[in-house]
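Protein chains in written order, with numbering that gives the first Met the number 0: chain P, 0 to 270; chain U, 0 to 271.
None of these hints come from the bench; they were simulated from the model.
All figures in this text were calculated on a predicted structure; none of them were measured in a lab.
The C-beta atom is built at its ideal place from N, Cα and C for all residues, glycine as well.
Among the hints, a few may not be true.
Said to hold, decoys possible - Below, computed lysine to aspartate or glutamate pairings styled on DMTMM-like, alpha-carbon distance capped at 25 Å:
id, chain 1, residue 1, chain 2, residue 2
1, U, Lys118, U, Glu150
2, P, Lys101, U, Asp72
3, P, Lys101, P, Glu166
4, U, Lys118, P, Glu166
5, U, Lys118, P, Asp174
6, U, Lys118, U, Asp200
7, P, Lys101, P, Asp174
8, U, Lys118, U, Glu100
9, U, Lys118, U, Glu136
10, P, Lys101, U, Glu150
11, U, Lys118, U, Asp72
Claimed, not checked - Residues of chain U placed beyond 10 Å of chain P at every Cβ, according to the derived structure:
id, residue
12, Ser44
13, Gly60
14, Glu84
15, Arg93
16, His101
17, Ala125
18, Glu126
19, Arg130
20, Thr141
21, Arg186
22, Arg187
23, Leu194
24, His209
25, Glu213
26, Arg241
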Amino acid sequence: MSDAPAETRPATAQAAVPVRWSVRFIGVWLAILLALELLVESGVSRSLFLPAPSAVAMSLGRMIADGSLATNLAVTLSRILLGLLCGAGLGVMLGLAMGTSKPLRRVLDPLVAAIHPIPRLAFFPLLIVVLGVGETSKLAAVSLGAFFPMLLNTVAGVRGMNPVHLEVARNYGADRRQMFLHVLLPGSMPLMLTGLRLSANVAFHSTIGVEMVGSRTGMGAMLWLSWQTFRIDHLYAILVVIAAIGIGLATLIRWVTQRSAPWMMDASRTA
Amino acid sequence: MVATSLAGNAARYAPRDRARHFTCEGISQTFTGERGAVDALTDVSLTVEVNEFLCIVGPSGCGKSTLLRIIADLQAPTTGVVRFEGEHAAHRGRSGLVVQEHGTFPWMSAVDNVAFGLKLQGVPAAERRARAMTYLERVGLTTFAHHYPHELSVGMRQRLGIGRAMVGQASLLLMDEPFGALDAQTRRHMQNELLGIWAADRRTVVFVTHDIDEAVLLGDRVVVMSGRPGRVLADIPVPLARPRDFRRDAAQARGIIEDVWRLLEPSSTVVP
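The shape of chain P in the complex, shown without the other chains (with noise of 0.2 Å):
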């Protein structure tokens, strides 16, 4: 996942193919089941790896019944939102002020050229060593990952605002402030909410991350004890959850661009 500024045109191809519950969605779907529990069941395959659905979802119905899906669940939840708030809200914060002022960006700009590359997972240990193992290095580590993609998108979005719409708001006699609410917020408002939609993924990736590798609780640690107690059946079920979590995730930035950029969806269709 690239957090480079997107083309300027929003909405194009790096869109994600959206879930669509649609018949053919769920047709094809239930027929692999179907065809896997077949399969399972008539004894042709005897992998190991390939639990039945059936168990699958037996096991996600015991997750349910004692309580643990929920309680991890909501651990991961609160990781991948707070830290998405807090990575993409200084992001965004920051990103206007580089965007809008000359001398911030070009002390600022060789830094993030040179830290932003580093996958964000390799800055978890040391996070660890200076905030501590609790919860305060995985937010960290967590929105330091959301932080990227929300500056960098944001930075390009001031900067790649048509002159011309400035310049009409400066003859119509825009001071600074309306210039700013009025101009510069909603004209790079497009590539700021790209920026929002690559950095949730990255937040939800990371938080995955930091909880396999150090973490008791959330989704990313039920996973890795899947896999040291080698429950396949188990380690299936959370990747269904997960993968669930990543529809939602999708769904609710697509909702918040919807609210924002209403004359943003209907472009990308007309475009």
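Chain P is fixed; fit chain U onto it per the hints.
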């Protein structure tokens, strides 16, 4: 200022008795880039009267857009001044600017686009809505009030830009090739509409175009500029009666159009 071949012509159409809106006095503009300095404008002087429709023509790159930006106070000339007369001095840099394409804000609906200038001035919401709707009607976009620009055709977007420029009661409209991106038919239609709107709601208009026919058919006066660096080659009055009828006037206008072409011919061979 008036080219010699046209001196007789200019004398025939004596200056009307109208108040001055603004004057450009000895404006020159030099851009200094990485590959040295480029002279965009050299010693441009012209006077624009109140409620006059002035067209500026010239080959591409002659600095006519630059001149417009200087009049709009978006850019400071290297030398020279733009002097606004009396009451207009207070509105310096608050003109209604209409640009070629993409000038409307894509994130605002049509009515919000038109109301934008009023919003900046702190006009209460209900009033600015009402005034915006009035001007949307004037440019024929009432039914599209809540559409976003990308849902409109290019011609409609251009009309939207004109409505937005006029709603603020700016006494001066500055138009930078507003119809440059339109096909010939839409273009003719838009020219007609602009004249209609202008006739109903007089303002001073400075209209930049590279289309000589357009300049002659729209303007009270056509300022012809040379290729880079832009100088004023001639300042030609257009005595065609108003309201203009493009088909009827085309024949009458031919002479003037030919004059403009003759002025531009030698300079076009000089431009690299």
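For each hint, the structure was consulted:
1. U:Lys118 to U:Glu150: Cα-Cα ~23 Å, so holds.
2. P:Lys101 to U:Asp72: holds (23 Å)
3. P:Lys101 to P:Glu166: Satisfied, since the Cα-Cα distance of roughly 19 Å is no more than 25 Å.
4. U:Lys118 to P:Glu166: Roughly 17 Å between the alpha carbons, so the hint for Lys118 of chain U and Glu166 of chain P holds.
5. U:Lys118 to P:Asp174: With Cα atoms ~12 Å apart, Lys118 of chain U and Asp174 of chain P stay inside 25 Å; holds.
6. U:Lys118 to U:Asp200: The hint holds at about 21 Å.
7. P:Lys101 to P:Asp174: This hinted pair holds, its Cα atoms lying about 19 Å apart.
8. U:Lys118 to U:Glu100: holds (23 Å)
9. U:Lys118 to U:Glu136: Given that 25 Å is the threshold and the Cα spacing comes to 19 Å, the pair holds.
10. P:Lys101 to U:Glu150: Not satisfied, since the Cα-Cα distance of roughly 35 Å exceeds 25 Å.
11. U:Lys118 to U:Asp72: holds (21 Å)
12. Ser44: holds (23 Å)
13. Gly60: Answer for Gly60 of chain U: holds, closest chain P Cβ roughly 19 Å.
14. Glu84: holds (20 Å)
15. Arg93: violated (5 Å)
16. His101: violated (6 Å)
17. Ala125: holds (19 Å)
18. Glu126: Nearest chain P Cβ is 17 Å from Glu126 of chain U, so the label holds.
19. Arg130: It holds; Arg130 of chain U is separated from chain P by about 14 Å at its closest Cβ, greater than 10 Å.
20. Thr141: holds (20 Å)
21. Arg186: Holds: least Cβ distance 20 Å, greater than 10 Å.
22. Arg187: holds (25 Å)
23. Leu194: holds (23 Å)
24. His209: holds (18 Å)
25. Glu213: Its Cβ never comes within 10 Å of chain P, the nearest being 21 Å, so this holds.
26. Arg241: holds (28 Å)
Of the numbered hints given earlier, the model fails hints 10, 15, 16; all others are met.
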